[in-house]
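**Q** Given next are the chains, with one letter for each unit.
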Amino acid sequence: MSDENKNEVLKGGEFLIKESDPQSVFTMDDLTEEQRMMADTAREFVEKEIIPNVDDIDKQKEGLTVSLLEKAGEIGLLGTFIPEEYGGLGENFDTNTILSMEMGNAHSFGVSFAAHTGIGTLPILYYGTEEQKQKYLPALASGEMKSAYCLTEPTSGSDALSAKTTAVLSEDGTHYILNGQKMWITNGGFADILITFAQVDGDKFTCFIIPTDSEGFTKGEEENKMGIKGSSTRALFLDNVKVPKENVLGEIGKGHYVAFNILNVGRFKLGAMVTGGAKKYISIAVQYANERKQFGKTIASFGAIKYKLAEMAVRVFVSEAAMLRTSGLINQMSEELMADGAQFSDSLIKSAEEYAIESSMMKVFGSEMLDYVADEVVQVHGGYGYSEEYPAARAYRDSRINRLFEGTNEINRLLVVDMLIKRSMKGRLDLLGPAMAIQKELLSIPEFGDEPEGLLAKEMKAVRNAKKAALMIAGSAVQKFMQKLAEEQEVIMNITDMLIEIFTSESAILRTLKYAAAKGDEAAEMYAKMTSVYVSDSLERINLYGKHAIAAFAEGDDMKLLLLGMKRFTKLDPVNTTKLRREVADKMIEENKYCF
Amino acid sequence: MKIAVCVSHVPDTATKVNIGPDGKTLDPNGVAFVLNPYDEYAIEEALKTKELLGESEVVVISLGPDVNKETIRKALAMGADGGVLLKDENYRDSYAVAKALAAEIETQGAQLVFFGKQSVDYDNGIVGQLTAEMLGFNCATVAVDFKLDGDKITVEREIEGGKEVVETSIPAVITAQKGLNEPRYASLKGIMAAKRKTIEEKEAAAAENYTEVLGMKKPPEKAAGKIVGEDASAVPELIRLLKEEAKVI
Ligand SMILES: Cc1cc2nc3c(=O)[nH]c(=O)nc-3n(C[C@H](O)[C@H](O)[C@H](O)COP(=O)(O)OP(=O)(O)OC[C@H]3O[C@@H](n4cnc5c(N)ncnc54)[C@H](O)[C@@H]3O)c2cc1C
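Respectively, the protein sequence lines represent chains A and B. Quick note on numbering: this note's numbering labels position 142 of the first sequence as 142, and the sequence is numbered without any gaps. Quick note on numbering: this note's numbering labels position 57 of the second sequence as 57, and the sequence is numbered without any gaps.
What the hints contain is simulated information worked out from the structure, not anything from laboratory work. Among these hints, one or two may not hold up.
[Unchecked claim] For lysine to aspartate or glutamate, the following EDC-like pairs were computed, each having C-alpha atoms within a straight-line distance of at most 20 angstroms:
id, chain 1, residue 1, chain 2, residue 2
1, A, Lys297, B, Glu221
2, B, Lys16, A, Asp586
3, B, Lys195, A, Asp586
4, A, Lys225, A, Asp371
5, A, Lys422, A, Glu410
[To be verified] Simulated restraints on C-beta separations:
id, chain 1, residue 1, chain 2, residue 2, range
6, B, Val248, A, Arg36, 41 to 49 angstroms
7, B, Asn209, A, Arg36, 28 to 36 angstroms
8, A, Leu443, B, Pro28, 57 to 65 angstroms
9, A, Pro52, B, Leu241, 37 to 45 angstroms
10, B, Leu26, A, Lys461, 39 to 47 angstroms
11, A, Arg36, B, Glu160, 35 to 43 angstroms
12, B, Val67, A, Met28, 14 to 22 angstroms
If you're wondering where the values come from, they're calculated on a predicted model, not measured in any experiment. Backbone N, C-alpha and C define an ideal beta-carbon position, used for all residues, glycine too.
Start from the sequences and build out the full structure, keeping to the hints where you can.
**A** Encoded structure:
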């Protein structure tokens, strides 16, 4: 790939067909002093106000979550996205990412917080009229008003647009009359306003702001949940609720824009929170492993435990690299749009949409990474991990929800491929050219060039090849199924999983190379070890997903050729991952925490 | 009135600290530094006093290398009005630190000065008192409660097994103990505002060290425990060991 390509900003989905310059990625080592100070404040807030109160929060002690939200508002944590003229701080996307990460170990409170500041506030920021913004945003930023987002209904979950709640304009034309039921509404027990979706005249999907002191509004009991027990989750009922016409948010019949664009940001933020949370949980596991003794030794000295500690660290490190890379891309694009004269909110909508593919991948990867981590944190604790006296059990219970909300991981996996193909068909993304080139390459004799030298150079080459593997599979699947690909969900899942492996692997390499360029190869040693472990395993997984897909749709010579391609494009010399993992674990054991 | 708060930049108590290659100073590599925890109470008390008095100003003073500006900035983010960095890269003992701080407090014309009761790096716990002495100010240490009424100061001090209430007057140095107040957060707005506040940089007034650090040592590793026996028959042996080996009874 030519050097010219390297400096332009990577567009959404382009990671598959382009290379990135390590200098272009945003990493944890690039925070400004101000960002670090803000993160410190958020961390202090969680450590002082949330962690000591987790039991009471989970028991839903009367008024506790509400008062904590208000306290967060006082410190400024609720208004980081809201521009200064509406009582917020107008911080950029990256700063918001860093702050979301710090909320990752706030358990139930983190969910209440995210629902209020994200899906509960952003629709007004993005789509509100000037009057709506003036009326609601300052109160949402200060915490005086709390918000909830009501999309889901008993019969419409993943199929969100099939909502049955109705809205009918009153005879005098001054207000809408809403009827219906919403389900699983976070903050439903105490919200002052509801961002609610309903069908106007039966089929115009539209968003409304409903004050909860409206007549005809009632709430169900708190749901009895598996985890995040302290977050309020309720069914809500709308029985002839009159909503003034001024409370329509966005345009009539354009509710899906609101819903989808908010989800783009919501998914990314979830990826940021789970990554931040997982880092803290690993430290808990390391500390326990350093203290607990069996057979006369600390359990941290056992290889089986080291493996767990290291593998958790590897996945978190990679998740952070890919998530921050995505944040940086969104941030850069929104700042460029603003420099070109776009409004703050428009710039955010556009940039979040541009990287919707990456955001969905981060949601899926992050939530599954956290589940892995939470599970192994319990395992490291042995029986004590099963006791409520230790933090592991709560981490485990509370992790599980992340694979369900903000679009289930299945829905997000489907979306990744769907968006890629749509962009390719619209000419937004040129996948066809590169896919054809690979078909040609497949029929040619492989080049046996010299093995590349330098830090992670082999891994980089492997990832470059893996992109070819993914394009090969995706291209063949499209050729085979044409319009009917959507019905072959298993193949789509295989393709998405390959893409996630590629994006995360490449991000880890870029993060490490950037660090090495700044601090030297020696300083980047641990980063390189973790990356090497990850890429090595990742290629095996890519190979497996590819084979599953091939077997599902190819036969005869086609199959042989594709399998040969898979073999060629997922080649990487074996690495002693056992040794590397031990070294990664030993470093954490020495530092007594997750230290990367 | 001008109120001064003297703050130090210390290793986070949660990080592992190593001794530097010279064997006499702490190795700053890989150590996270923070605002000295006791100084947070000092800042909070200064800010509360300012809020009570109205017309007054809080200035934060820190002595040390350039990185101390991070700690000054944290104090500014909490609400202090201005900061002064007294630049010095070299090690100073408590006396030499106090000398430079006293000179700056005099320049500033501050009448009320808050310190943390001790700095959690070298833990001498005397800089506040020394500074008061050099300035000829009154001094009340280890304060857990502070009241100002005109010029009159009432301080509750923590002493072994109880509390002591002392009365004094301005000008005074107060050193803060945990419990004096609940330090406020550096709010996000405060952090942004801190960017616009100035930190004045000056050379720290020269002063001689009266003490010299000869060396630093880490506490010895805890020795492994010893199991003397499993049942009552082991008790005499246990008592013998506690008497003769551990020498604790
Ligand atoms: C604690 C909690 C808090 C929540 N908070 C909110 C909130 O604040 N606001 C709000 O609006 N909603 C909220 N939700 C709802 C949440 O977003 C939905 O539960 C989620 O979207 C899934 O919908 P569902 O539960 O109806 O599952 P379903 O849609 O019935 O899905 C069941 C299973 O089928 C799979 N599936 C569904 N469709 C497809 C498909 N086309 N192809 C393949 N697989 C498919 C799903 O992935 C899933 O595995 C919350 C849910 C919970 C549990």
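**Q** Look at each hint and say if it fits the structure.
**A** Each hint tested on the structure:
1. Of the supplied pair hints, the one linking Lys297(A) and Glu221(B) holds, its CA atoms being roughly 16 angstroms apart against a limit of 20 angstroms.
2. Between Lys16(B) and Asp586(A) the CA atoms are separated by roughly 15 angstroms; this keeps the pair inside 20 angstroms, and the hint holds.
3. The hinted pair formed by Lys195(B) and Asp586(A) fails the criterion: a straight-line CA distance of about 40 angstroms is larger than 20 angstroms.
4. Pair hint Lys225(A) plus Asp371(A) holds up; C-alpha atoms about 17 angstroms apart against a cutoff of 20 angstroms.
5. Straight-line distance between C-alpha atoms of Lys422(A) and Glu410(A) comes to about 18 angstroms, which keeps the hinted pair within the 20 angstroms bound.
6. Checked against the hint of 41 to 49 angstroms, the pair Val248(B) and Arg36(A) passes, with Cβ atoms roughly 46 angstroms apart.
7. Separation of Asn209(B) from Arg36(A) is about 33 angstroms and conforms to the stated range, judged on CB atoms against 28 to 36 angstroms.
8. Between Leu443(A) and Pro28(B), the C-beta spacing of about 60 angstroms keeps the proposed range 57 to 65 angstroms intact.
9. Checked against the hint of 37 to 45 angstroms, the C-beta distance between Pro52(A) and Leu241(B) comes to roughly 41 angstroms, which is consistent with it.
10. Between Leu26(B) and Lys461(A) the beta carbons are some 44 angstroms apart, a value that agrees with the proposed interval 39 to 47 angstroms.
11. The hint said 35 to 43 angstroms for the Cβ distance between Arg36(A) and Glu160(B), and at roughly 40 angstroms that hint holds.
12. About 19 angstroms separates the C-beta atoms of Val67(B) and Met28(A), a value consistent with the hinted range of 14 to 22 angstroms.
In terms of the numbered hints stated before, the structure departs from hint 3 and from no other.
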